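S.K.: What follows is each chain in one-letter form.
Protein chains: 2
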Amino acid sequence: MLDFPGTPGTLTAFVLRILQCVFAAGSVASMATAVGFYNFTAFCYVIASMGLQVTWSFMLALLDAYALLRKKMLHNPILVSLFVVGDWVTATLSLAAASASGGVAVLFFSNLGHCSFGDECRKFQISVVLAFLSWITIAISALIMLWILAAG
Amino acid sequence: MLDFPGTPGTLTAFVLRILQCVFAAGSVASMATAVGFYNFTAFCYVIASMGLQVTWSFMLALLDAYALLRKKMLHNPILVSLFVVGDWVTATLSLAAASASGGVAVLFFSNLGHCSFGDECRKFQISVVLAFLSWITIAISALIMLWILAAG
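Chains as they are written, first to last, in my numbering: chain A, 2 to 153; chain B, 2 to 153.
Treat the hints with caution; some may be incorrect.
No copy is singled out in the list; a pair is fine if it fits within one copy or between any two copies.
Each computed SDA-like pair below joins lysine to any residue, with the alpha-carbon atoms no more than 25 Å apart [stated by the list, open to error]:
id : residue 1 : residue 2
1  : Lys124    : Ser111
2  : Lys72     : Pro6
3  : Lys124    : Asn112
4  : Lys73     : Thr11
5  : Lys124    : Ala33
If you are wondering where the hints come from, they were derived from the structure by calculation, not from laboratory data. From a predicted model like this one, the values you see are computed outputs, not experimental measurements.
Can you make the complete structure from the sequences, with help from the hints?
M.R.: Okay, structure coming up:
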């Protein structure tokens, strides 16, 4: 299998996983501390999706760290197939969650002229931005995984 | 390059492109005929994104039809790279647009208890569903394109 920065077991892959975790955890924290988020399906969906993202990315970060320390390669085709499926599912869910909550946030801030939830408005915005950042990092990982699987 | 159903110039690819066009055009038609859609950024975004999708998919459908009639292969790596970029850009925009408008539609229908735009509500819903169907078909095309490019 191909070996370039970003493939499983490399430092780039580990950094990408950590960034995914940090952005997704930040998004969950920002949304979960906003009072009244549970009244909006899109905001609950962001918490669920980013929660799944944190779990998945943290597991893979541990695996990358283990491979780095033991200087092992993680280029088993079955393992990479599993990474591809997990990455694509979480990446799709993350983009959908970020966009759905982004749509609702834009509705509050632009279309209705103002956001009437006080201090919580800022938290909604931060959560959406962090969810998009998390999606960008997971999308990079997902593309690399699919590429190395297809290239064999 | 690999040759299996769904690769450029095959009947499956042509059918996928036509489906993308039909779903995206239906989504635009349903949203554009709903009075007051322009008050919502997410709904305007669906029209823009699905408009781009129709244009892109129609161009590729014509190319597939030409390849089918002339029995030519479209497996030039430069051409496939172009298809990959176009497919991924439109697929990402389509999912984001479908999710953003889906988030707003769910807000109207579930979170606010009812939709207060009368007959237009049904059109918003139909447009969102068609946008998601269009995304599913473009996602299949995009995955196939990336796969044949990576597999060489």
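S.K.: Are the CA atoms of Lys124 and Asn112 at most 25 Å apart within a copy, between copies, both, or neither?
M.R.: both (18 Å within a copy, 19 Å between copies)
S.K.: Have a look at Lys124 and Ala33 and pick one of within, between, both or neither, based on CA distance no larger than 25 Å.
M.R.: within (9 Å within a copy, 33 Å between copies)
S.K.: How do Lys73 and Thr11 come out at 25 Å by Cα distance, when the copy is not named: within, between, both, or neither?
M.R.: Classified as within: same-chain Cα gap 10 Å, cross-chain 42 Å, threshold 25 Å.
S.K.: How would you classify Lys124 and Ser111 at a CA-CA limit of 25 Å: within, between, both, or neither?
M.R.: This pair counts as both: shortest intra-copy Cα distance 16 Å, inter-copy 22 Å.
S.K.: Could you place Lys72 and Pro6 in one of the four classes (within, between, both, neither) given a Cα distance threshold of 25 Å?
M.R.: Result: close within a single copy only, 15 Å intra versus 40 Å inter.
In this structure, every one of the numbered hints holds.
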